[in-house]
Amino acid sequence: MGLNIEKIRADFPILNRKVNGQALAYFDNAATSQTPRQVIDSIVHYYESINANIHRGVHALSQEATDAYEAAREKVRKHFNALQSHEIIFTSGTTHSINLVASGFASLLQKGDEIIVSALEHHSNIVPWQMLCEKTGAVLKVIPMTLSGELDMEKYTQLLSSKTKVVFVNHVSNALGTINPIESIIAQAHKIGAAVLIDGAQAAPHIKADLQALDVDFYTVSAHKICGPTGVGILYGKEEWLQKLPPYQGGGEMIAEVTFEKTTYADLPHKFEAGTPNICGGIAFGTALDYMNQIGFDEIAAYENELLTYATTKLIEIDGLKIYGESAQKTAVISFNVGNIHPYDIGTLLDKMGIAVRTGHHCAQPIMDFYQIPGTIRASFSFYNTFEEIDRLVEGVKKAVMMLS
Amino acid sequence: MSIQEIQNEIVEEFSLFDDWMQRYEYMIELGKSLPLIEDQYKIDENIIKGCQSRVWVHAKLENDKVVFTADSDAIITKGIIAILIRVFSHQHPRDILDANTDFIDEIGLKEHLSPTRANGLVSMIKQLKMYAIAYQTQLK
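These protein sequences, in sequence, are chains A and B. Numbered according to the numbering used here, the first sequence spans residues 1 to 405. Numbered according to the numbering used here, the second sequence spans residues 406 to 545.
Derived by calculation from the structure, the hints in this document are not laboratory data. Errors might be hidden in some of the hints.
[Said to hold, decoys possible] Result set (DSS-like, lysine-lysine): computed pairs, CA atoms no more than 27 Å apart in a straight line: (1) B/K515 - A/K399; (2) A/K155 - A/K141; (3) B/K465 - A/K399; (4) A/K352 - B/K545; (5) B/K515 - A/K18; (6) B/K465 - B/K545.
As the structure is a prediction and not an experimental result, all values here were calculated from the model.
Please work from the sequences and hints to get the whole structure.
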């Protein structure tokens, strides 16, 4: 069954606004998705009705807030089919989640151990591991990419050895939209006993990952990419791994007993949730997942694929337009340039036409270096985008190119 | 012409246009008249930080006036730096330091004045004024 786009769009107040005097056409979904009324309502409801600190109050509000927060954790568990809800750690987002794991591994790695990352990573996926290498003497190895924007899996197999301790790959590339073959990446790494962290930030809005089926050790998600609020996300970790990692931050909530001689840490998930968390954000994240599931991920993926195919067909008709990332397996993201025109120029003119795209290196400079370009224009689609909006994008690009040539 | 006179002139030129497209087309046109930086100065040290596109600026002092040259790999950015250079080049460092840049708002480029804007107009102005400070110190 198809989606009722008109009804869906009515859920997103921001889609009605004008930008530079024009109706907004929002194609920067890979950076941040827009927020439906239901999620906004849940934020308002939290502050109007149950705002309190959680997990330690004896009073009714604290109990209600705790229940709502823990119910959200359970929603996340269920959505991603994790085995246990205490394997879901609320964080401030994917970057926080990755840093938590990378810093934890500092005590588990030795000089000469190897960490494998992919050439398709976001800076937030490269820098924490570089810092970890500096700290431990471990060595960073990179799975190279091919011209079509896919990982070179043969090279990956060759990189794996008894020295490999951690493999880190994103599920979907933020700059190109490539869906990486994480099943095979995980299986191969497990054969030699390495842990695997998959960054699901770009995948979550399009693909419902089944964490148990994937058998992945760690998985990260940011709520704001999947119709939730900013500043909240999760780290999934298998219990055995989360037990092995030391706490990331000290503070309230994460302790069992404190004396000046020794502190014992709280059980999972609280061991990793020091201080007052983003309670409202966590709850609203749960609402966002409810919202997306009500629409249905299969339906969302099918519709977004139609948008992708339509936009790809239309855009490549433009003279000199080149798309970067041509994997058959990709999410609804098109990264492109036209001739030698700087992406910033086209992005600026599109903005004047009310069309929001991302331009630049997308925090993935190694990919841009690989293609020897300063950056790209990235249009990323969501289930609330329409074919008419894509027509505007195509016309907008043509107009911009005309002005700039 | 004084900085103020040049700014008035630019404001007048832009007032002829009634939509953004014409303004941007004119800005792109102005970019083509940018006094280009010599290749030897087109080096990383002369890149202005804070711009999504690359902008190189060079300055020298001639008869107590600062002379700017520049280039950019983006066309709109080139237009923006061309406007700034038209205003600030061949001026005394003291006058450059004293000048305000309200005219940017008046020519309909207000959105570029936000410090967080990726094109770095604010960084460009800051860089030009930094050169002026350096030369002002030299002149004292």
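Going through the hints against the structure:
1. B/K515 - A/K399: Since the Cα atoms of B/K515 and A/K399 sit roughly 22 Å apart, the hinted pair holds (cutoff 27 Å).
2. A/K155 - A/K141: Since the Cα atoms of A/K155 and A/K141 sit roughly 11 Å apart, the hinted pair holds (cutoff 27 Å).
3. B/K465 - A/K399: Roughly 39 Å between the alpha carbons, so the hint for B/K465 and A/K399 is violated.
4. A/K352 - B/K545: Roughly 45 Å separates the two Cα atoms, so the pair is violated.
5. B/K515 - A/K18: With Cα atoms ~17 Å apart, B/K515 and A/K18 stay inside 27 Å; holds.
6. B/K465 - B/K545: It holds: about 16 Å lies between the C-alpha atoms, which stays within 27 Å.
Hint violations for this structure: numbers 3, 4, all remaining hints satisfied.
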